[in-house]
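A.B. asks: Input sequences plus hints: build the corresponding full structure.
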Amino acid sequence: RKEVEQDPGPFNVPEGATVAFNCTYSNSASQSFFWYRQDCRKEPKLLMSVYSSGNEDGRFTAQLNRASQYISLLIRDSKLSDSATYLCVVNSYSGGYQKVTFGTGTKLQVIP
Amino acid sequence: DGGITQSPKYLFRKEGQNVTLSCEQNLNHDAMYWYRQDPGQGLRLIYYSQIVNDFQKGDIAEGYSVSREKKESFPLTVTSAQKNPTAFYLCASTDKRGQPQHFGDGTRLSIL
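Residue numbers (my numbering), protein chains in the order written: chain A, 1 to 112; chain B, 1001 to 1112.
These aren't lab readings, by the way, just hints derived from the structure by calculation. For glycine and all other residues, C-beta sits at the position ideal for the given N, C-alpha and C. Any given hint could be a false lead.
[Claimed, not checked] Below are the DMTMM-like pairs computed for lysine to aspartate or glutamate, each with C-alpha atoms no more than 20 Å apart in a straight line:
no. : chain 1 : residue 1 : chain 2 : residue 2
1   : A       : K42       : B       : D1105
2   : A       : K107      : A       : D82
3   : A       : K2        : B       : D1059
4   : A       : K2        : B       : D1038
5   : A       : K99       : A       : D82
6   : B       : K1070     : B       : D1054
7   : B       : K1014     : B       : D1030
8   : A       : K99       : B       : D1030
9   : A       : K45       : B       : E1024
10  : A       : K42       : B       : D1038
11  : A       : K107      : B       : E1024
12  : A       : K99       : B       : D1054
13  : A       : K107      : A       : D39
14  : B       : K1096     : B       : E1072
15  : B       : K1096     : B       : D1038
16  : B       : K1057     : A       : D57
17  : B       : K1096     : B       : D1054
18  : B       : K1014     : B       : E1024
19  : A       : K45       : B       : D1038
20  : B       : K1070     : B       : E1024
21  : B       : K1083     : B       : D1105
22  : B       : K1071     : B       : E1024
23  : A       : K79       : A       : E15
24  : A       : K45       : A       : D57
25  : B       : K1009     : B       : D1054
26  : A       : K107      : B       : E1069
27  : A       : K45       : A       : D82
28  : A       : K79       : B       : E1069
29  : B       : K1009     : B       : D1105
30  : B       : K1071     : B       : D1038
31  : B       : K1009     : A       : D39
32  : A       : K99       : B       : E1015
33  : A       : K45       : A       : E56
34  : B       : K1083     : B       : D1030
35  : A       : K45       : B       : D1095
36  : A       : K42       : B       : E1024
37  : A       : K45       : B       : D1105
[Stated by the list, open to error] Selected chain A positions facing chain B (in silico; Cβ < 7 Å):
no. : residue
38  : E5
39  : C40
40  : F60
C.D. replies: What follows is the structure, given as C-alpha cells:
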C-alpha cells in the first residue's frame, strides 16, 4: 500500500461546480498535512495547511480525519483558473528526521 | 525577497557526463530536499538534508550525489551512473518541524 494515496483523476467539472478530493495516508503517526497545487510544468505551490478542526480559505475548505486517516479538499464555485494538479502532502517523523511524503496528485480540469 | 533559486532552468547532459544542479535559499531554512518528477508522475525524493554537513538518501538516490557545506546551498550532482536522468528536478526547503516546504522553480534535465 502506498503511504499516501490519491485518485489521479482527471476530474472534469463545469465552471461553478463544487468538487472534492480525498487523500488517504497509512502512517497513523503522521503529524502535519498540506495541500499543494501544481500547474503544468511548474513547481508545486502551497495551497493550504490542513488542521484537525478543519480550515477554510475563500472557496477552499480542508478537512482532516485522523481516525480514518484521510484528508480532503473541497473547492466551491470552481473557476477555470483552478485547473491544475492538487497534491496532498503528509509529514511524519522517525529517528529525529522529518519525512515528507507526496501523493501522486489529482488532476482537475474546469470546463467553460 | 526570500526564496529558493534553482539553476539552470534547462540543462543538457551528454552520455557519460556528470552534471550539477544548483539550489540556493535565503530563507534561513535548516532542511533542504531534492525531488525528481517524471512526466505525469508524482514527486520522488532523491536526497534530503536536515542540517549542514548531514544528508540522507531518499527513495531514489542511486546515480545521484549531494553535499551540504553551507546552510544556504544544497547542490545535486547527476552522475553518469544515472542511466535515465531526463526529468524535472525540484529543490525544496523548510524551517521547522511541521512546516510546509517551499519549492524552487525547478531544473529540466535532458539527454543530448
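A.B. asks: Look at each hint and say if it fits the structure.
C.D. replies: Going through the hints against the structure:
For the given pair, K42 (chain A) sits about 7 Å from D1105 (chain B) by alpha-carbon distance, which is consistent with the 20 Å threshold. Taking the CA atoms of K107 (chain A) and D82 (chain A), the gap is about 10 Å. The hint holds against a cut of 20 Å. Of the supplied pair hints, the one linking K2 (chain A) and D1059 (chain B) holds, its CA atoms being roughly 13 Å apart against a limit of 20 Å. A C-alpha spacing of about 18 Å is found between K2 (chain A) and D1038 (chain B), which places the hinted pair at or below 20 Å, so the restraint holds.
As the CA atoms of K99 (chain A) and D82 (chain A) are separated by approximately 28 Å, the hinted pair breaks the 20 Å bound. The hinted pair formed by K1070 (chain B) and D1054 (chain B) meets the criterion: a straight-line CA distance of about 11 Å does not exceed 20 Å. The hinted pair formed by K1014 (chain B) and D1030 (chain B) fails the criterion: a straight-line CA distance of about 33 Å is larger than 20 Å. Only pairs whose Cα atoms come within 20 Å are accepted, and K99 (chain A) paired with D1030 (chain B) is accepted, the gap being roughly 14 Å.
With a C-alpha separation of about 18 Å, the suggested pairing of K45 (chain A) with E1024 (chain B) holds against the 20 Å cut-off. At most 20 Å may separate the alpha-carbon atoms for a hinted pair to count; K42 (chain A) and D1038 (chain B) meet this at roughly 12 Å. Restraint check for K107 (chain A) and E1024 (chain B): the C-alpha separation of about 30 Å exceeds 20 Å, so the hint is violated. For the proposed pair K99 (chain A) and D1054 (chain B), the alpha carbon gap of about 15 Å is at most 20 Å, so the pair holds.
Our distance criterion of 20 Å between C-alpha atoms is met by K107 (chain A) and D39 (chain A), whose separation comes to about 10 Å. As the CA atoms of K1096 (chain B) and E1072 (chain B) are separated by approximately 15 Å, the hinted pair is consistent with the 20 Å bound. At roughly 28 Å between alpha-carbon atoms, K1096 (chain B) and D1038 (chain B) are farther apart than 20 Å, so this suggested pair is violated. Between K1057 (chain B) and D57 (chain A) the CA atoms are separated by roughly 36 Å; this puts the pair beyond 20 Å, and the hint is violated.
For the hint linking K1096 (chain B) to D1054 (chain B), the alpha-carbon distance of about 16 Å falls within 20 Å, and the restraint holds. Taking the CA atoms of K1014 (chain B) and E1024 (chain B), the gap is near 25 Å; set against the 20 Å cutoff, the hint is violated. Restraint check for K45 (chain A) and D1038 (chain B): satisfied, since their Cα atoms lie roughly 18 Å apart, inside the 20 Å limit. A distance of roughly 10 Å separates the Cα atoms of K1070 (chain B) and E1024 (chain B); the hinted pair therefore holds under the 20 Å criterion.
Taking the CA atoms of K1083 (chain B) and D1105 (chain B), the gap is near 24 Å; set against the 20 Å cutoff, the hint is violated. Distance restraint check for K1071 (chain B) and E1024 (chain B): the Cα-Cα separation of roughly 9 Å lies within the 20 Å cut-off, and the hinted pair is therefore satisfied. Of the pairs offered as hints, the one joining K79 (chain A) and E15 (chain A) holds, with about 5 Å between alpha carbons and a cut-off of 20 Å not exceeded. Between the alpha carbons of K45 (chain A) and D57 (chain A) the distance comes to roughly 15 Å, so the proposed pair stays at or under 20 Å and holds.
For the hint linking K1009 (chain B) to D1054 (chain B), the alpha-carbon distance of about 26 Å lies beyond 20 Å, and the restraint is violated. Our distance criterion of 20 Å between C-alpha atoms is broken by K107 (chain A) and E1069 (chain B), whose separation comes to about 38 Å. Annotation: proposed proximity of K45 (chain A) to D82 (chain A) holds, straight-line Cα distance about 13 Å (limit 20 Å). Distance restraint check for K79 (chain A) and E1069 (chain B): the Cα-Cα separation of roughly 45 Å exceeds the 20 Å cut-off, and the hinted pair is therefore not satisfied.
Taking the CA atoms of K1009 (chain B) and D1105 (chain B), the gap is near 8 Å; set against the 20 Å cutoff, the hint holds. Distance check on the hinted pair: K1071 (chain B) and D1038 (chain B) sit about 28 Å apart at the alpha-carbon level, beyond 20 Å; violated. The suggested pairing of K1009 (chain B) with D39 (chain A) holds, with an alpha-carbon distance near 16 Å, which does not exceed 20 Å. Between K99 (chain A) and E1015 (chain B), the direct Cα distance comes to roughly 33 Å. Violation of the 20 Å bound is thereby established for this hinted pair.
A threshold of 20 Å between alpha carbons decides the hint, and for K45 (chain A) with E56 (chain A) the separation of about 17 Å falls inside it, so the pair holds. Only pairs whose Cα atoms come within 20 Å are accepted, and K1083 (chain B) paired with D1030 (chain B) is rejected, the gap being roughly 31 Å. Pair hint K45 (chain A) plus D1095 (chain B) holds up; C-alpha atoms about 16 Å apart against a cutoff of 20 Å. Among the hinted pairs, K42 (chain A) with E1024 (chain B) is consistent with the structure: their alpha-carbon atoms are about 18 Å apart, no more than 20 Å.
A distance of roughly 10 Å separates the Cα atoms of K45 (chain A) and D1105 (chain B); the hinted pair therefore holds under the 20 Å criterion. A hinted interface residue such as E5 (chain A) counts as satisfied when its beta carbon comes closer than 7 Å to some beta carbon of chain B; here the least separation is about 11 Å, so the hint is violated. A least Cβ separation of about 10 Å between C40 (chain A) and chain B goes past the 7 Å threshold, and the interface hint is therefore violated. Hint status for F60 (chain A): violated, given a least beta-carbon distance of 15 Å to chain B, over 7 Å.
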